[in-house]
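> Start counting at 1 in the sequence shown, then tack on 3, and there's your number in the numbering used here.
Not one of these hints is a red herring.
Straight-line distance between alpha carbons at most 20 Å, and here's what the computed SDA-like set of lysine to any residue pairs gives: (1) 54 to 191; (2) 54 to 199; (3) 94 to 142; (4) 94 to 83; (5) 94 to 149; (6) 54 to 126; (7) 94 to 79; (8) 54 to 194; (9) 94 to 75; (10) 54 to 124; (11) 94 to 160; (12) 94 to 82; (13) 54 to 42; (14) 54 to 117.
Each pair of labels, with its calculated beta carbon distance range: (15) 199 to 158: 36 to 44 Å; (16) 149 to 179: 18 to 26 Å; (17) 197 to 164: 31 to 39 Å; (18) 122 to 221: 35 to 43 Å; (19) 207 to 93: 30 to 38 Å.
Rather than coming from a laboratory, the hints here were simulated on the basis of the structure. Ideal placement from N, C-alpha and C gives every residue a C-beta, glycine not left out.
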Amino acid sequence: MPHHITNRKRSYQTSLPNDSFLWEGLNASAYIVGAVAFVIGSLFFLPAFEKHLAAGAWLFILGSLIYLAVTANDCVEIISHYRRHPSHGTKTMLEFVMSAGYIIGSVLFLVGSALFLPSVGWERGGAWCFIIGSILFTIGATVNVTQITQAGNIVVLQLLNAVAISFIIGSILFLVFSIPYLWPSYQTPLAHTLHTYLGAQFIFASMLFLAGGIVNFYRAYRAHQDHQKKEDVKNQCLS
4 MPHHITNRKR
14 SYQTSLPNDS
24 FLWEGLNASA
34 YIVGAVAFVI
44 GSLFFLPAFE
54 KHLAAGAWLF
64 ILGSLIYLAV
74 TANDCVEIIS
84 HYRRHPSHGT
94 KTMLEFVMSA
104 GYIIGSVLFL
114 VGSALFLPSV
124 GWERGGAWCF
134 IIGSILFTIG
144 ATVNVTQITQ
154 AGNIVVLQLL
164 NAVAISFIIG
174 SILFLVFSIP
184 YLWPSYQTPL
194 AHTLHTYLGA
204 QFIFASMLFL
214 AGGIVNFYRA
224 YRAHQDHQKK
234 EDVKNQCLS
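Take the sequences, apply the hints, and build the full model.
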């Protein structure tokens with residue numbers, strides 16, 4: 004699932020100027036761990052592994068908790084940034100709206116994953132949570148990519164676009180392929196084939212989130228390097 008990405012320098016109140024990448028790097032690393040949990044968890048949604056569905060649901064719960072922590076951290080950073088740089092323009096409003104949407108979507112995925120537990124057994128409710136959460140993620144990621152207007156260099160800009168596109172496609176796949184879970188389930192060869200296909204799409208969507216997370220980590224590193232070079236040049240000029 005997506006989370007907030009931006010080409011501006013991140014603001015972390017607890018970080019020293021030279022350690023800003025540490026906090027953004029931890030945020031990006033946590034996202035990757037959550038994505039790995041989703042990839043592995045998606046495997047257990049295949050009919051061939053239906054005996055281990057509980058393990059898959061628990062991995063989804065773990066991944067959703069990590070995603071929720073990441074999006075909450077993003078929200079705190081946005082608040083910190085605009086306290087330091089007061090602004091009341093459209094971009095400011097969109098950042099807060101996107102952040103709220105990502106948090107709500109992560110909560111919905113967390114609840115939906117719990118509803119898929121065999122001990123709960125309410126797949127229809129879980130599917131609705133995934134559908135609504137995916138809609139919020141798709142809207143948020145789409146708006147997010149429209150705000151990426153410039154970056155320190157062309158490489159960072161291309162990486163930002165790659166991350167955003169991966170998040171958008173992954174969210175749409177989760178949205179579309181959660182819908183069949185609303186339908187009545189029958190023990191037929193056709194139903195078995197359908198659920199195999201759905202499970203495969205969940206795996207692919209989760210892998211897109213994972214790929215986006217890895218690219219985002221590298222993008223954050225490159226962006227930090229660019230910001231550091233600018234700071235060094237500025238300090239040299241002042242001295």
